[in-house]
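K.L.:
What follows is the residue order along each chain.
Number of protein chains: 2
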Amino acid sequence: MAPPAASVDIEGVTDTQAIVIPDALTINGVSARRAKAGKLNGGTAAFTSSDFFKGPSSGKPKAKRWDNYISLESRSRQPSSLKGAAKYLGQPGLISLGGGLPCAENFPIEEITVKVPAPPHFSEQACKESGVVLRSGKYDVSEGKGAYDLSIALNYGLGSGSAQLIRFVTEHTEIVCNPPYEDWHCALSVGSTSSLEQALRIFCERGDYVLSEEYTFASAVETALPLGIKFLGVKMDAEGLIAESMDELLTNWDASAREARKPRVLYTVPSGQNPTGATQGTIRRQAIYKVAQKHDIYIFEDEPYYFLQMQPYTGPNSPPVPAPKTNEEFLKALIPTYLSMDTDGRVMRMDSFSKVIAPGTRVGWVTASEQIIERFVRHNECGVQNPSGISQILLYKILDESWGHDGYLKWLINLRLEYTRRRDVILAACETFLPKNIVSWNPPMAGMFLWMTLDHTRHPSYPTSTPLSIKEIEDEVFLASVGHGVLVSRGSWFTAERSGFEAKELFFRATFAAATEEKMTEAIERFGSAVRGVFGTANGNGVANGNGA
Amino acid sequence: MAPPAASVDIEGVTDTQAIVIPDALTINGVSARRAKAGKLNGGTAAFTSSDFFKGPSSGKPKAKRWDNYISLESRSRQPSSLKGAAKYLGQPGLISLGGGLPCAENFPIEEITVKVPAPPHFSEQACKESGVVLRSGKYDVSEGKGAYDLSIALNYGLGSGSAQLIRFVTEHTEIVCNPPYEDWHCALSVGSTSSLEQALRIFCERGDYVLSEEYTFASAVETALPLGIKFLGVKMDAEGLIAESMDELLTNWDASAREARKPRVLYTVPSGQNPTGATQGTIRRQAIYKVAQKHDIYIFEDEPYYFLQMQPYTGPNSPPVPAPKTNEEFLKALIPTYLSMDTDGRVMRMDSFSKVIAPGTRVGWVTASEQIIERFVRHNECGVQNPSGISQILLYKILDESWGHDGYLKWLINLRLEYTRRRDVILAACETFLPKNIVSWNPPMAGMFLWMTLDHTRHPSYPTSTPLSIKEIEDEVFLASVGHGVLVSRGSWFTAERSGFEAKELFFRATFAAATEEKMTEAIERFGSAVRGVFGTANGNGVANGNGA
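So the protein sequences, as listed, match chains A and B.
Taking our numbering, I'd label the letters of the first sequence as residues 1 to 549.
Taking our numbering, I'd label the letters of the second sequence as residues 550 to 1098.
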């Protein structure tokens, strides 16, 4: 892909840099704040809210209201009548025969333990040797052994998620993003695919278009399509979505030609984008935010890979860049989030524990203005309810009770270095084994994907009168790769538009998250052989004569 | 409510009794079948299917196709392109750089243990003394220590749920329901509210009506409404939904007057219905199934309380009915499920672990024909994905590896006796403390709810020229109850129709699942005082002169 475009200046919108925002929460600040707040109210199905855990928001504006953007479906969601009766539960001495909550006595689980590494010794070996065992009992709270227990976690909860985990993610979000408006809230999700589905159903109607990167997360497109919502790709460069292209597309929107109203939503994966691996720099994000302001676009910031931002790539055989020495240094090294520049409250940020702890937790969270989170929670109540209580209590035990914010950030630094190592291995393999006259790539700065461009004009059919189409060459390379014993993903699987899109380049995606270093290197060698086989440079000259990356 | 109507005979439909179905799977049969099947293929994101685990279906017919019933949304769901590539993963020696699955090395969880009671000693005290600790390690499978481990459970899975748990629920479903058609399948869900939401979106369009009991699960109605789907109540008696009323309603359907096409779906909670506590007997179920066949209605069988069927109620101070002595005796005591009589494949049964293990697992499953389950799984892929892997592996450890089907059925017998005890406590309290000239009830046979009818004509305003409406009296009783320190649920919260419904009786719902026996008794005493206060029989004469129950 092309190098990043120069920064843009779009007129007529607020300069988000001009607003003075109170300092972000620090890790020490958390302890002080908690000490002041006193005992956590986190009983069975206890009502909770980020408001209980946020700092003073002096000087921050209120979020914009989105009344005209809320869908028919979402507008019709009413608070549950039964859950509305929860207000009486605060009455001293009241006995409830109201809700159908089973009695904890009949949960056949007495205790759960989990063994985890003790920061900063995170390796599997270190965990075996010096890991800590965290224990959750059924009645820990009433026995004075903690703020969360199995009698609570195993019962029903409210649509926001548990108070215990909402407190942690609210604090974490304030530390990392310090949203610059007053009424931001968090709610737990069962993962970002589900968050996206719910977000689309809050903001879109059948027939709508949603903007996204030209190549995007296939599951996102496939989540939207059955809802009657189409993705429309905005051109990209090495820094991802191009702000000017988005502006142009929106400025020239022809509702009757498109048979659809002007888009109101941008779906973007700003860091380590799937599939291109592109990461939007700070200036790019600011430019895109300005375009969103100009056209009043709501932004879905899907950030599974935010903490998989890696150390700068210094090229093969260069010494690595020293790791961040402190949590503060680490946080400063991260590109600012959309949420951190969201003075309007026009961003729903989607976070997930899938990539930073484990996908099988099926726990994530969303952050947005109170109005939007309230709609999201209403939706949870009539759908997924909330994430597994077992996942929630284990995450709480690990992240809050054992590691704390300090240990969690250290874990994220460790993960950063792990992914840096993996990326460097795949890049070294590419340097060694891919024919550079055919294959080129940009070293990814975040995420788990390497996006490779193949110069289709070098295909042997090209000089002939009947050159193969890009799709046909893609087919040939894909099947040759499988024949050589390596599975890579076809670029065409990731187009934002599922019909009418004419690919101009030939792409393949490889992940460096999954296989071992040895297997990954072998896989790239196999892919190189497959490409050479298809392109007829099986003699290997391509390596020496390469002009790529 | 009225006593049950006589059994119906609806002409012109197949008699489901006439088809000879192979014997149900037995617990011993499971071990033999597993031994024959050999090693479970249950690796990371392994494809699975109930077909791998079902018995021979000799003689069973194939399910009916529902092509004309599938919604626009559900029809548009395509298999994921990336997941389609999974077929290559079977190729020996292939290295995958395809899917973005994180490496288990980076999951910071080394081991999880869970302590559970050892059958048949299920009490909390017994668990403390003789409970067993079940251990899951990260690499148990490759270390030969079991068929499921954390490296699998903590990673992504497929939309069906894990092979390990699908095997267990498929076998359990075959043991309990032995569905009488060939191509039935199971898929995991994140709980039955989510299952219902997905089922509605498979079968209904905006503007449709769904039939249900006249008083029904409020969350079900609230799940449907934002989708533009309205519930329409069918009259009930003490055995729940009345088949003839359903037939009449459908026979006389006037699409233009209703501004909606004839309903295609019945939502029913056959056992211990929420809120009425009504349980449909076998003959009632057969009659309703026949009406469904006559009008080609698809049935959502929502059965969270199926295993909360209790021992027969013998009245106050009578000796209890002896508990089932064996699992076989227990299974025979259960009323047959719709799924067990579903020769057509017109039932989606929704099961959940919420009431039988714990709500916080957020794991349930659905059973239906292959066509419908395939749509359900496509939906999972673009939404909830699958339940928490942590919940899944713990359930597997408990139900499959430790208890087995034998131990699980023993647990369910234990639960049956627990709920019987609780129900008998609330009924004894009602006998003692409620004014029977005002309050009447039917002893529930299943579930967790007692449904009380208050004779509103005995309200002091009745002899006057301005009698209060049922709604107004409901208000008065509800607030008086809260004033007396007890929360009960108002009947009006549970009407299937949210507008235009004219209540003819005054109801309150109390649960006997939640509070301790002492609190429950005290709560009913308080409710009795509140009712007496409102109805002006504070002298307590009602108790002695009662004509209720």
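Quick caveat, the hints were computed from the structure, so don't treat them as lab data.
No experiment lies behind these values; they were computed from the predicted model shown.
Where a beta carbon is used, it is the ideal one built from N, C-alpha and C, also for glycine.
Don't take every hint at face value.
What the hints assert, rightly or not - Here are the simulated DSSO-like pairs of lysine-lysine, each with C-alpha atoms no more than 30 Å apart in a straight line:
no. : chain 1 : residue 1 : chain 2 : residue 2
1   : B       : K694      : A       : K87
2   : A       : K39       : A       : K62
3   : B       : K1053     : A       : K519
4   : B       : K636      : A       : K115
5   : B       : K784      : B       : K811
6   : B       : K664      : A       : K128
As the list claims (entries may be wrong) - Computed footprint of chain A on chain B, listed as stretches where at least three residues anywhere in the stretch have a Cβ under 8 Å from a Cβ of chain A:
no. : segment
7   : 620 to 627
8   : 727 to 739
9   : 875 to 884
K.L.:
What are the numbers of the hints that this structure violates, sorted from low to high?
P.N.:
1, 3, 4, 8, 9
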